[in-house]
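A.B. asks: Now for the letters of each chain:
There are 2 protein chains.
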Amino acid sequence: MATQDTQDRILDAAERLFAQRGFAGTSLRAVTSEAGVNLAAVNYHFGSKEELLTATLQRLVGPLNAERLRRLDQVEAAADPPSVEGILDAFLRPALGADPATMRIVAVVLYSESADLVRDLIRNLFGEYAQRFIRALARALPQLGDAEIALRFHFLVGSMTHVLSGRPLLTAEVEALPEPPSRERVLEEMIATLAAGFRAPQVHKPARRSEDAA
Amino acid sequence: MATQDTQDRILDAAERLFAQRGFAGTSLRAVTSEAGVNLAAVNYHFGSKEELLTATLQRLVGPLNAERLRRLDQVEAAADPPSVEGILDAFLRPALGADPATMRIVAVVLYSESADLVRDLIRNLFGEYAQRFIRALARALPQLGDAEIALRFHFLVGSMTHVLSGRPLLTAEVEALPEPPSRERVLEEMIATLAAGFRAPQVHKPARRSEDAA
DNA sequence: GTCTATATCCTGATAGAC
DNA sequence: GTCTATCAGGATATAGAC
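Chains A and B, in that order, are what the protein sequence lines are. Just so we're aligned, residue 1 is where the first sequence starts under the numbering used here, counting upward by one. Just so we're aligned, residue 1001 is where the second sequence starts under the numbering used here, counting upward by one.
Because the hints were derived from the structure by calculation, they are not lab data. Glycine included, C-beta positions come from ideal geometry on N, C-alpha and C. Check before you lean on any hint, since a few could be wrong.
Claimed, not checked - Ranges between beta-carbon positions, derived for each pair: (1) Ala1030(B) with Arg119(A): 14 to 22 Å; (2) Asp116(A) with Ser1114(B): 16 to 24 Å; (3) Ser1033(B) with Glu184(A): 47 to 55 Å; (4) His45(A) with Gln1143(B): 49 to 57 Å.
Claimed, not checked - On the chain B side, residues computed to face chain A include the following (Cβ under 7 Å): (5) Ala1024; (6) Gly1025; (7) Ala1107; (8) Leu1110; (9) Glu1113; (10) Gly1158; (11) His1162; (12) Ser1165; (13) Pro1181; (14) Ala1192; (15) Thr1193; (16) Ala1196; (17) Ala1200; (18) Val1203.
To be verified - Covered stretches of chain B (chain A as the covering partner; in silico rule of three or more C-beta atoms under 8 Å from a C-beta of chain A): (19) 1115 to 1127; (20) 1135 to 1148; (21) 1184 to 1191.
Make a model of the complete structure from these sequences and hints.
C.D. replies: Structure follows, in structure tokens:
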């Protein structure tokens, strides 16, 4: 079996299983068994279980964030500053459009595992891209201070991650609907809701924005 | 050592460790060692690791949801229908006011562990309370359909859980602020943002609300 | 690159003395 | 109710044949 093939099969299996059972809850035996490769192959190709997680997330998140930036460039080229809705669409659509079963891994890893393991991993994967979007939102919402932008972006990330997780915390409510909303419907509803949230008037003293203070 | 004492010590330790390392990532040896009790005590008092998780969550979430309902009753008694802000305050303040280190366990368990283990657990713990709040929000926002209320409540839960998780996905942005926002500030910002989101106009056809269709 | 076999350690759970 | 000792199995990782 070609090297690339074995690696991909391992990554495919790891993606599925980490998403379903979490990192600590997934054994390398389960991964190699699901992938149809030998147990020793993981350590040969990736070095360790932890490095397998890193590789899995990078393969998944890399293209996702590239697509996000591509769309952000587009909306920024079309209007200056772009609309809040346009920015949110660029951020959310690639994530919500991807395979839900695999996107769940982001929520799983983000929240579940030990802080030490996750911190740098997440920051390296998302930090730079998040800053790009935060800056775009700050330009589209000049009436808000840095703290408001940062906090509201935080709320946005939480909403998105929760939806991506597909977890039934309260999906009973959603499932009880006559017909479950389509993914496009969820996306549109999310953009409209979050955009209104970003446009909410500032609750605290309108502190001068850092970039205006010169 | 009294039975109650040992059980409480185990629950205290389990709460801390599950929150830090997740369920699968925490061994019973770690729990009993941290609690200063014998390894066999967990199985004697709780039956199994899984039942220990259930007991831990019940002890944490029970009083939290009781406090939420008490506050919801208050705001409903004060105004009919109550303001969206009042409802959100009743829902969020008890959670955001609790010890962040232990509240993290909700996010950890919700997102990280296997779906089978979590589904019924979460639904039993939160389902009933969530319905009360959803109904209150629906009465405060009669212009929205059932689907909108359900989805936006979903977004709210995600934002809250993300903040409670304390995870550094993008907290670099928040940490980079001149002074980190106080918990009260975060709560107020969250209420204002989410209330504006709930009040966003309906994006789809304003389908008649189920309770109005008679 | 892939395999078997294994080293080393940890896991949840329990039997039985006290 | 608490302890020790242990069972039976699973964990990651690696050494070494092919």
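A.B. asks: None of the hints should be skipped; say for each whether it holds.
C.D. replies: Now the hints, each set against the structure:
For Ala1030(B) paired with Arg119(A), a C-beta distance near 21 Å keeps the hint of 14 to 22 Å intact. In this structure, Asp116(A) and Ser1114(B) meet the distance hint of 16 to 24 Å, their C-beta atoms being roughly 23 Å apart. For Ser1033(B) and Glu184(A), the Cβ-Cβ distance of about 51 Å falls inside the hinted range of 47 to 55 Å, so the restraint holds. Separation of His45(A) from Gln1143(B) is about 56 Å and conforms to the stated range, judged on CB atoms against 49 to 57 Å.
Because the closest C-beta pair between Ala1024(B) and chain A is about 4 Å apart, less than 7 Å, the hint holds. For Gly1025(B), the interface hint holds, the least distance from its beta-carbon to any beta-carbon of chain A being 4 Å, beneath 7 Å. For Ala1107(B), the shortest C-beta to C-beta distance to chain A is roughly 4 Å, which falls under 7 Å, so the interface hint holds. A cut of 7 Å between beta carbons decides the hint on Leu1110(B): the least distance to chain A is about 6 Å, and the hint holds.
The interface hint given for Glu1113(B) is met, as the beta carbon of that residue sits about 6 Å from the closest beta carbon of chain A, less than 7 Å. The restraint placing Gly1158(B) at the interface with chain A holds, with a minimum CB-CB distance near 3 Å, inside the 7 Å limit. At about 3 Å, the closest approach between the beta carbon of His1162(B) and any beta carbon in chain A falls short of 7 Å, and the interface hint on this residue holds. Interface hint at Ser1165(B): satisfied, since its Cβ lies 5 Å from the closest Cβ of chain A, which is below the 7 Å cut-off.
Evaluation of the Pro1181(B) hint against chain A yields a held restraint, the C-beta minimum of about 6 Å falling below 7 Å. Interface hint status for Ala1192(B): upheld, as the beta-carbon distance to the closest one in chain A is roughly 5 Å, under 7 Å. Interface hint at Thr1193(B): satisfied, since its Cβ lies 4 Å from the closest Cβ of chain A, which is below the 7 Å cut-off. The closest approach between the C-beta of Ala1196(B) and any C-beta of chain A is roughly 3 Å, which is under the 7 Å cut-off, so the hint is satisfied.
Proximity of Ala1200(B) to chain A holds as hinted, the smallest CB-CB distance being about 3 Å (cut-off 7 Å). Hint status for Val1203(B): holds, given a least beta-carbon distance of 5 Å to chain A, under 7 Å. Coverage of a stretch by a chain is defined here by at least three residues with a beta carbon nearer than 8 Å to that chain's beta carbons; for the segment 1115 to 1127 of chain B and chain A the count is 7, and the condition holds. With 3 residues carrying a beta carbon less than 8 Å from a beta carbon of chain A, the segment 1135 to 1148 of chain B meets the three-residue requirement, and the given coverage holds.
By the rule of at least three residues with a Cβ nearer than 8 Å to a Cβ of chain A, the coverage given for the segment 1184 to 1191 of chain B holds, with 5 such residues.
When held up to the earlier numbered hints, the structure conflicts with none and fits them all.
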